[in-house]
Amino acid sequence: DAGVIQSPRHEVTEMGQEVTLRCKPISGHDYLFWYRQTMMRGLELLIYFNNNVPIDDSGMPEDRFSAKMPNASFSTLKIQPSEPRDSAVYFCASSKLRGADHYQPQHFGDGTRLSIL
Amino acid sequence: RKEVEQDPGPFNVPEGATVAFNCTYSNSASQSFFWYRQDCRKEPKLLMSVYSSGNEDGRFTAQLNRASQYISLLIRDSKLSDSATYLCVVNDIPYKYIFGTGTRLKVLA
Numbered sequence: 008d009a010g011v012i013q014s015p016r017h018e019v020t021e022m023g024q025e026v027t028l029r030c031k032p033i034s035g036h037d038y039l040f041w042y043r044q045t046m047m048r049g050l051e052l053l054i055y056f057n058n059n060v061p062i063d064d065s066g067m068p069e070d071r072f073s074a075k076m077p078n079a080s081f082s083t084l085k086i087q088p089s090e091p092r093d094s095a096v097y098f099c100a101s102s103k104l105r106g107a108d109h110y111q112p113q114h115f116g117d118g119t120r121l122s123i124l
Numbered sequence: 006r007k008e009v010e011q012d013p014g015p016f017n018v019p020e021g022a023t024v025a026f027n028c029t030y031s032n033s034a035s036q037s038f039f040w041y042r043q044d045c046r047k048e049p050k051l052l053m054s055v056y057s058s059g060n061e062d063g064r065f066t067a068q069l070n071r072a073s074q075y076i077s078l079l080i081r082d083s084k085l086s087d088s089a090t091y092l093c094v095v096n097d098i099p100y101k102y103i104f105g106t107g108t109r110l111k112v113l114a
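Line order of the protein sequences matches chains A and B. Start counting at 1 in the first sequence, then tack on 7, and there's your number in my numbering. Start counting at 1 in the second sequence, then tack on 5, and there's your number in my numbering.
Some hints here could point you the wrong way.
Below 30 angstroms or equal to it, Euclidean Cα-Cα: the simulated DSS-like pairs (lysine-lysine) are [unchecked claim]: (1) B:K84 / A:K31; (2) B:K111 / A:K75; (3) A:K85 / A:K75; (4) A:K31 / B:K111; (5) B:K47 / A:K75; (6) B:K47 / A:K103; (7) A:K85 / B:K111; (8) A:K75 / A:K31; (9) B:K101 / A:K103; (10) A:K85 / B:K50; (11) A:K103 / A:K75; (12) B:K101 / B:K7; (13) B:K101 / A:K75; (14) A:K85 / B:K101; (15) B:K101 / B:K50; (16) B:K47 / B:K7; (17) A:K75 / B:K84; (18) B:K50 / A:K31; (19) A:K85 / B:K47.
Restraint ranges, calculated between C-beta atoms of paired labels, are given here [unchecked claim]: (20) A:G23 / B:Y56: 47 to 53 angstroms; (21) B:D62 / A:G35: 31 to 37 angstroms; (22) A:T45 / B:K101: 17 to 23 angstroms; (23) B:N17 / A:Q87: 39 to 45 angstroms; (24) B:A22 / A:R48: 40 to 46 angstroms; (25) A:R48 / B:L113: 39 to 45 angstroms; (26) A:Q87 / B:E61: 45 to 51 angstroms; (27) A:T83 / B:T23: 41 to 47 angstroms; (28) A:K75 / B:L51: 42 to 48 angstroms; (29) A:R16 / B:P19: 32 to 38 angstroms; (30) A:L124 / B:K50: 27 to 33 angstroms; (31) A:P15 / B:D44: 17 to 23 angstroms; (32) B:P19 / A:S80: 31 to 37 angstroms; (33) B:L85 / A:Q24: 25 to 31 angstroms.
Keep in mind that the hints were calculated from the coordinates and are not lab data. Remember, it's a predicted structure, so these values are computed and weren't measured experimentally. We put the beta carbon where it would ideally sit given N, CA and C, even for glycine.
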């Protein structure tokens, strides 16, 4: 089975440029998560969707960040304008809820390594 | 107090040793618990879910102690390939997962 697919794997761009990260969740999963990981702050949840609807975006650092999920098989995370402090690894993860109180683990994509110069 | 706390390590152990990690969580209403493994520059991968009765998968044993609000991971007969960072994950509010900062393990030849 195909796992979570992210693109690009690596992105190097200059400060001020727009950056778009892409994610295709596992088919049939109804939850999608965007995370950011740095050495200093560890793994941080940015936003998550349920059935394509954003549920909690409290982790989005500022208005420069935006995320969309136009359909069940595609999501984007956009940074505009980008800054050097946005450099990190960005992970997308998906999962499926089973039952009212039984939560399934998340499955992660390979990540996008973003460097803003 | 952090929502999920782990000893960052590193834990340096010889091959064949038994090593245990603990992870404490602050929300007594948390319902689901997991251990993930993350290799350097790779994505987190699910190692095992943690069930109330405790569970075992080969050399790995996970336990949950709700009264004291901690979960544990025991690795027996450590292999060089077990060297990684182990992340504790707790489901805090419905469908929001809180990751610990991870415990680094290095198994030495």
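_Hints breached by this structure_ = Checked against the structure, the hints that fail are numbers 1, 2, 4, 7, 17, 21, 24, 25, 28, 32, 33, while the rest are satisfied.
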